Structures are given as C-alpha cells and as structure tokens.
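> Sequence:
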Amino acid sequence: MSKVPDLTKRLLLGRALSSSQQHEQLLPKRIALPVFASDALSSVAYAPQEILLALGAGGLVMYRYTPWVAAAVVVILLTVVASYRQNVRAYQSGGGDFEVATTNLGDNWGVVVASALLVDYVMTVAVSVSSGVENLGALLEFMQPHEVGVALVIVVLLTIGNLRGLKEAGVAFAVPTYLFMFAIISMLLWGLTRLAVGTDLQAETAHFEVRGDEMDVAGFALVFLLLRAFSSGCAALTGVEAISNGVPAFKKPKGENAAITLLALGTVAMTMFGGVTAFAYITDAKFAEPDQGSHLVDPSTGKEVAEADPVIAQVAHTVFSNFTPGFALVTAMTALILFLAANTAFNGFPVLGSVLAQNRYLPRQLHTRGDRLAFSNGIIILATMAGLLIYAYDASVSRLIPLYTVGVFVSFTVSQVGMVRHWNRLLAAEQDPVRRRRMRTSRGINAFGATLTGIVLVVVLITKFALGAYIVCIAMPVLFVLMKGIRRHYDRVADELVPSGEDVALPARNHGIVLVSKIHKPTLRALAYARATRPSTLEAVTVAVDAQESQRLQEEWDALDIPVPLKILDSPYREITRPVLSYVKSVRRKSPRDVVTVFIPEYVVGHWWEQLLHNQSALRLKGRLLFQPGVMVTSVAWQLHSSDRLKGRTEPPGPGASRRPPRTAADARQGGGIVSDRD
145 MSKVPDLTKR
155 LLLGRALSSS
165 QQHEQLLPKR
175 IALPVFASDA
185 LSSVAYAPQE
195 ILLALGAGGL
205 VMYRYTPWVA
215 AAVVVILLTV
225 VASYRQNVRA
235 YQSGGGDFEV
245 ATTNLGDNWG
255 VVVASALLVD
265 YVMTVAVSVS
275 SGVENLGALL
285 EFMQPHEVGV
295 ALVIVVLLTI
305 GNLRGLKEAG
315 VAFAVPTYLF
325 MFAIISMLLW
335 GLTRLAVGTD
345 LQAETAHFEV
355 RGDEMDVAGF
365 ALVFLLLRAF
375 SSGCAALTGV
385 EAISNGVPAF
395 KKPKGENAAI
405 TLLALGTVAM
415 TMFGGVTAFA
425 YITDAKFAEP
435 DQGSHLVDPS
445 TGKEVAEADP
455 VIAQVAHTVF
465 SNFTPGFALV
475 TAMTALILFL
485 AANTAFNGFP
495 VLGSVLAQNR
505 YLPRQLHTRG
515 DRLAFSNGII
525 ILATMAGLLI
535 YAYDASVSRL
545 IPLYTVGVFV
555 SFTVSQVGMV
565 RHWNRLLAAE
575 QDPVRRRRMR
585 TSRGINAFGA
595 TLTGIVLVVV
605 LITKFALGAY
615 IVCIAMPVLF
625 VLMKGIRRHY
635 DRVADELVPS
645 GEDVALPARN
655 HGIVLVSKIH
665 KPTLRALAYA
675 RATRPSTLEA
685 VTVAVDAQES
695 QRLQEEWDAL
705 DIPVPLKILD
715 SPYREITRPV
725 LSYVKSVRRK
735 SPRDVVTVFI
745 PEYVVGHWWE
755 QLLHNQSALR
765 LKGRLLFQPG
775 VMVTSVAWQL
785 HSSDRLKGRT
795 EPPGPGASRR
805 PPRTAADARQ
815 GGGIVSDRD
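Here the working numbering is used: the first residue of the sequence shown is 145, the next is one more, and so on.
There could be a bad hint or two in this list.
As the list claims (entries may be wrong) - DSS-like, lysine-lysine: derived pairs with alpha carbons at most 25 Å apart:
1) K711 - K766
2) K665 - K766
3) K662 - K766
4) K729 - K766
5) K729 - K711
6) K173 - K396
Stated by the list, open to error - Computed beta-carbon distance windows for the label pairs:
7) R508 - E448: 53 to 63 Å
8) A472 - P172: 30 to 40 Å
9) R636 - R764: 26 to 36 Å
10) S465 - R208: 19 to 29 Å
11) S730 - T677: 15 to 25 Å
12) F609 - P172: 40 to 50 Å
In short, the hints are calculated from the structure, not lab data.
As the structure is a computational prediction, the values presented were derived from the model and not from experiment.
Idealized CB from N, CA, C, for every residue including glycine.
Please put together the full structure from these sequences, using the hints given.
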C-alpha cells in the first residue's frame, strides 16, 4: 500500500529523469513552433470574432470597417514579430522581457514586466481553454451546458501533460497544431476556389440583423468604437512573447532558431488571421453578445437570436457547405489548438517563475525542477489560478477577453524601450562601421515597435478599462508590491546571514539540559545521548506541576543512582513552558558566552490519531525555545511499536528533494509524526 501513491505518480508523470538528461529535452524548430506559437496561432479562433463583436455595438453598419481594423492589427503583429526577433538574438537566457527590462531599465521596470507577464500567462490559459470549449460546443452541442466543467478538466489534463516534461508535451502537441494550420489554410484555399468559380458564399447568420446599444455613432463615439474593435483584435498578438521566454528550450544556436521560429509564427499567424477575417466579412458572418452591447435579431420574426456559432465555425460551415468532414475537421482542430494554446503558458510561466525565483522576486521553490525536469511548482500554480478564473467567469470568453491584452502590451512596450537602450549602449562602445549599421537598424525596429505598442497599450486601457481591464490594473500592482516585498525579505535575510568573526568562534561552554516528565525508556535514552555528546555541564530538569509526583520522581531518580543531577522547577500555576523558559534564560544571563542545549525526548508514532492521545506541551516548549538566542534544541526520538509498519516506507521524491537533507522513513509516513513523551 505504501507504494501506491508513488506508482500513481509514475503512471501519470512517467519515470523520473536525472539532471544529466536535461539536454535531451531541448526542442528543434519544427517542434518549438507548435509548442511556443500555438497561442498566437490559436487567436484566429477568437480575434476576428472579437472585432465583429466590438463593431456590433454600433450596429450592422459598423461591419464595413472590419477590413481596416484587421489591417491595422496585422501591421502591429508584423511590427512586434520584427521587434522580438531582435530580442531573442540579444537575450537567450529565458528571462525574455523581464531580462531586457531589468538589464536596460532597472529592477523596478523588470518587476513591472514580470507582473504583467504572469497575469497574461494566467489569462492565456483561461481564455484559450474557455474559447476551445465554446468552439467544441459548436460541434458537440450536448457539451454546451457543461462548459465550465469541461474547461476545468482540460486544465487538469494540460497540467498532467506538462508535469511529464517539455519534450513529451512538445511532441504530443506538434501534430494537432500542424493539423490546425492545415485545416485553416485548406479552408481558405477552398473558399478562394469557390469564389473564383462564382459561388455565392453566405454564412448562416448572413440574413440576421445586428443591433447595437450605440446606434448611429459618429464623431468621437465612432472613433472610440473603432479603437475598441482594434484593441479587441489585438488579442491576435498575445503569445508572441512566449518564444522570448522559451529560448532556453531551443536547440543551438538558440537565438537564431528562436528568431526563425518567430518569423514563421508571424507569417502563418498573419495569413490565417487575415484570411479568416476576410472570409467572415465576405460571407456576412455575424456575431453578437448582449453583455458587450450588441444583439443578433432574426428580421423574419423580430426576435433576438439567443446564440450563434463562433465566427470561425460559421466560416467553415459556409466554405465547406455540405461537406461535413471539412467543417468537422476545422471545428475540432480549432477547439484542440485552443486547448493546446494554453500549453504556451504552461511552458512560459514556469520558466519565467524560475527566473524570478533565481533573482529572489518569488519563492525559491519555483526554481526547483520536478521528477521530469519541469518546473512543477510553477505549473501547478498556473493551473490553479487559471482554473479559478474559469470558474469565476463561467468560462465566458466575452467576459475574459477584456482582461487579456493589457498585460502583454505592457511587456511589449517596456521591452522595446529597453531594447532601444540596449542598442544605444552597444553603439556607444562599437567602432566597426558594419556592426554599427546593423545595430542602428535593430534600434530603429525596436523604437518603431515601442511607439506602436505604446499607442496600442493606451488604446486598450481607455477602451477596455470599464469592461474588466481594471481588474488587471489592480492585479499587476499587487504582484509588483508582493515581488518587491519578497526580494526585500531575501535581501534582508542574506545580509543577516553574512558570517563574521564572532560566528566562527567556539562558545565558552556547552550547558546541557534534559527535559524529564517521568523515568522511562525515552527519558533514559535522552540522558544517555546527552551524556554521549559530552557537554561541559549536564543536568535534568522537571517541572513540579504536582508536588507529590515530583517527590516520587526525585526518590526514583535517587534510587536508580542516575549520574546526572535532577533540578525541580516550581510551578505554582501548573505551567510547564514558562518555568523552563525562565530557567534557560537565567542560565544564559549568568554565562552569556555559553550555549545551552536542551534535549527533549519525543515519541515517533505510526498513526495520526496517536498524536491526539499524547500531550504536546514539550513540542510547544520546543517552539518557544527555538526563538531564544544561544539555545539549541535536540529531539531524541523513541519509536513506538505502531511506527514499525512504516519503517520500510520511502518518501516519494518531490521537487527539490535533492536539495533537502534525507528524511527517515518515519518522517515520511502519512499521518505519522513526532509527538511529546508527556502523557
């Protein structure tokens, strides 16, 4: 039975990998593209839809601006891809935007970027999984009432897959991603073929009307609505930064391979996003959401249509018409790629968390690799936070999207500003004309990227703030303050632990104290062990809670002729902790240069309920003694027979186990523990 948990872990996660096998987990470009770019590619499923949704708030007439909004998004996408190609060549440690900002702009800006990226990774999982479930519902309608539950199951499966390790996850996700690319491009080519032969393509919602809450918009309202649609479409850019955070996972030459992968990402994402948006416009596909200020109305009945399929599903249904397998392939692959897009965050979030932990901005446990060489703690934290968001927002994509793009455009902008400063610093020291020309070109690309992404960030904040972006604007400062606080704590502890001459000097003497409640085997073992350590002085101490019991203890002590003096501490109020603490303090006051070692006999039990049957006063006393300077506490264990069943049990290795001292089988047992010998 003791091996069942470990066996379950091995079945789910696979055999443990040694640190020497880490190089085997590196990815070639053909695997890295689907692993790291699936987030940006999957945005084809919801970015065109979000543009139509935002424009729909002004009524059907606003749909005529769709091509122009999409074109603006493509320009931003190409600019960001070109800018990040400079990033991945210059910074390859996996810190990505965080490293760029910290190195060139200072620690505070690095933490700003880190907080933005951490939020964005969580949003990536929540939005991608929720959108995937929504698209899956277009194919399997019976799943629509259970979207939240299905989304949470997908998050769990992704968590297990990534805990198994990067390489296996990458290979598993590569084939579906390529199938998605094949399905979308095939759909676009077939649609162009049908248009070329004169086929009239009309979406199933083409005859519906879109009525917005802001009809007849003009002037400032028109500009604001267009900007909102643009900011919604910029969801297509999310995921580009994942490659810069995942450069260590590439095979050598890491920087060049990452740059090539980014170029491939930009080309494919631009083609698919532009193509799907164009066909949505050509086929008159419509999409509305009352919560976002738009309504889909059937003119034949005058009634509002409750639900419509996602835009990409409408386009697939229209292009393939009666060819059901084509529609099913596109819809299924879209749902699957959205699920796998969350894997980008499962790759990026733990790596970024590890870098932050290495820089003491997050707990050091996030820098520890698990059995399969994955950053297990980061993966579990990401899954938990994303799951909570999905549950809180009922897996609603339209409610989650407004929270999505703020964080990523903060990191885009700060990173590009940092890269401009990076090139300025290199140019100041470089003399070679050819290299200076290349550097100036790179600086120009990053400066242009910083300007455009900064403008987009302002637009997103203005147009999305009231729709939910304010939550991200709160979460990011909270994370910033938290990380700065963790860093201050680690710095303070590091300063406190710097060794000095006094720390290496030996204490004058070691005064040993053995706590005694009664004379039995645990007490005699503690006395024997204390004597074996050869302290300068040694005495046994008991607290006189009951005068008669104390007298009997003294008589028994004398009768056994124990060669250690017994000191009885008075306790008129029947306390145990305070008299012992007072006595230990008095010993320290008399000899400040001495060290006091307190030996406490303790039981090792085999059942959790046995702890309830033994008084914990000595354990509480131990906790208080640990706060006393110059006082050392030593536990002397006595194993009860109930602990025998656990002696052969080994502790399953966990993240960081190699950094911890070995634990005994008794320490590792479930429900077992050390309890006081005071009955």
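> Could you tell me which of the numbered hints above are not met by this structure, giving the numbers in increasing order?
none
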